[in-house]
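Sequences listed follow chains A and B, in order. For any residue, its number in the working numbering is found by taking its place in the first sequence, counting from 1, and adding 3. For any residue, its number in the working numbering is found by taking its place in the second sequence, counting from 1, and adding 1002.
Simulated from the structure, these hints should not be mistaken for lab results. Incorrect hints may appear among the rest.
To be verified - Using 20 Å as the maximum straight-line C-alpha spacing, the simulated SDA-like pairs for lysine to any residue come out as follows:
#1 A:141 x B:1236
#2 A:163 x B:1008
#3 A:141 x B:1052
#4 B:1016 x A:155
#5 A:90 x A:44
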Amino acid sequence: MSAALSELDGLRLLDPQAITSIHNRYYPEVYRFAYYRVNDEVTAEDIASDVFMRLLEAVHEGHGPNTNLRGWLISTTSNIVNDYFRKIYNRPGEDHPEMIESDNLLVEDPVDPIALTDAVERSRLIQSAINELTEEQKQVITLRFGNGYSLDETATVMGKNANAIKALQFRALAALRNLIRKDLL
Amino acid sequence: MNDQLFEALDICLKARETGIPLDDCLKLYPEMASELRPLLEIAQGTASMTTKQVPVDAMYRSRTRLLVRAMQLRTLNEQSKQHSFLSWLTLPIRSIRRMSISAGRLVFAAMIAILLVLTSGGLLVTSAKSLPGDTLYPVKRAVEDIGYHLAPRGEIQQTFEHNYIQQRITEVQSLINLKRVQQVSFEGIVESIDRNQWIVGGIPVDIKSNTTFVGSLDGTQSMELGMQVEVEGVTQREGWVDAQEIHLREYHFIGMVESISASKWQISGIEFQTETNTQIDTGILAGDDVTVLVRSEDNGLFALAIVRIGHPVPTPSIIPTITPTPTQLFENQSENNAELVITGSVELMAVNYWVISGQITYIVANTEVPDSIQIGDYVSAHVVVESNGSYTAIIIEKAEPSDHDGEGYDQATQENNEGEDDRYVTPTPSPDDDAGNEVPEITATPFDNETPEGTDNHEEPEDPTETPTLTPTP
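Looking at chain A on its own, in the form it has when it is part of the complex:
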């Protein structure tokens, strides 16, 4: 691919090198975002893969991202995660994802059954609480603490300024605290 072509230009031309480059660069971030929200490797893999497929289809149909590719990817990931939870909640009688125990939770001492139980319970509570936040609050929590983005990176992805993100993360944490205060703290 010519060096003059940007990633997005290459993507629009369905250039394999551009597609590979974009995928390699952003897949880890998309996967982490999805994993943080669903806490399940297989589901996170499905979601991450779907995000890039949607990107390809969107670009092919002429309505993909124009400038903020990372923001588009994160936003799409968030939408797919929400769809996923919506469908899960609409299936009565099945285990909800936050009920599934994971070995990647807040386990401080894996051999201590009490610590393990506490960790699973804390994670379940936090995850459940995150799902009750507003969409922007979910995103800021996931980006800041799931993906480890800085304030500025989060602001860029969400299309806001840093001060707005500071306020948003404060309110998101405060909302989380209120949601799980009685059970966790």
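Starting from the known structure of chain A, arrange chain B on it as the hints suggest.
Relative to the frame of chain A, chain B by itself:
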């Protein structure tokens, strides 16, 4: 106050990221500590739920899926230029996208499985017979693409590719027979060049004043016989293809090696990519003069073979050697051509050449080859020896391994030798030398003799000097 709280929280979060204990962070803002503490604890809890590792195999699977889809979309793009009404083809994909994640995955896998079944001769027989311009033709091409990409790399994938190239030629021939005007693209060997009338892969091609030539190293339109090209153009009712673009795909390049790396060679200023199946003479060093069999792709030049100049031909390799130039038979046959009969097992059947017991024999448009011959069959091939020493097949037919032991071509050879006719080639090696050897058995017959049996009554040539003695390559 709120702004101060937001700022204090952010500073404390940054401090926590660097490993500063919670209580130490709160000492920075003692008046807000009661409000900040629970938020920082929550933040710590949420941060602990993340994952540091991204599964590499998941990433690989995702990327593969993405690139396959991109390839499909590219194909659709090309086809939609001709058939805008075929957008229904993408509907299944769009439907999958709108499905739930797990359902979409299942349906995608099912589609692949179904397509695999269909490629092996199932329900898409109709589409398999479709031609460019037909409604089902994109389905046929999509099935081919999936089959190709799912095939194991190496010879099997090459076989797929060769079959598809041949398929395109057959389609163009069918369109011409049906007198249909249709945009087509096909790849083939340049078999004949007569001013603006070319024959490529057996298809007559009319070169127009506005025909574009792409891929020539020196930027000129210097096309030669034997080069492999891709023709884009429009079939005409009169029985040919009006060429819009000619892409040079395979040709020979002679130059000096300037640098060698694992996957790239610099030869006389041109960079060639090599792959695991590139045939490379051992011991080639920088400064050596070499001949390169080049494959020109959209993403660069690939060396199919790099051999020293003077490399002996033929070699017992499935990769074609450099020197042969196949020609159109019968029309331009000169008296200087001699005919041989090669017998042996078919080791490889490529589009434009076969390997018969290690001997490369070129196949041209009017070579007579029965469809029933397969790899491994024992065959006899009547070939013409070209001026450069390569063999071009006139007719190939099945033979019994015992044929060469009895009264067949060997007998004719014996008589020819006894007659000391200069037109006849001394068979080398003799069939009696080593019956189990991989080297094909080569037997001489006169050129103007249509059948082996006719050699029994062959008359002495009137002027033997017109037909020089040929020495078959060992």
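So, going through the hints one by one against the coordinates:
1. A:141 x B:1236: Cα-Cα ~57 Å, so violated.
2. A:163 x B:1008: Status holds; Cα separation ~15 Å.
3. A:141 x B:1052: Holds, at about 14 Å.
4. B:1016 x A:155: With Cα atoms ~13 Å apart, residue 1016 of chain B and residue 155 of chain A stay inside 20 Å; holds.
5. A:90 x A:44: holds, 18 Å
In the structure shown, a violation is registered for the earlier hint numbered 1 alone.
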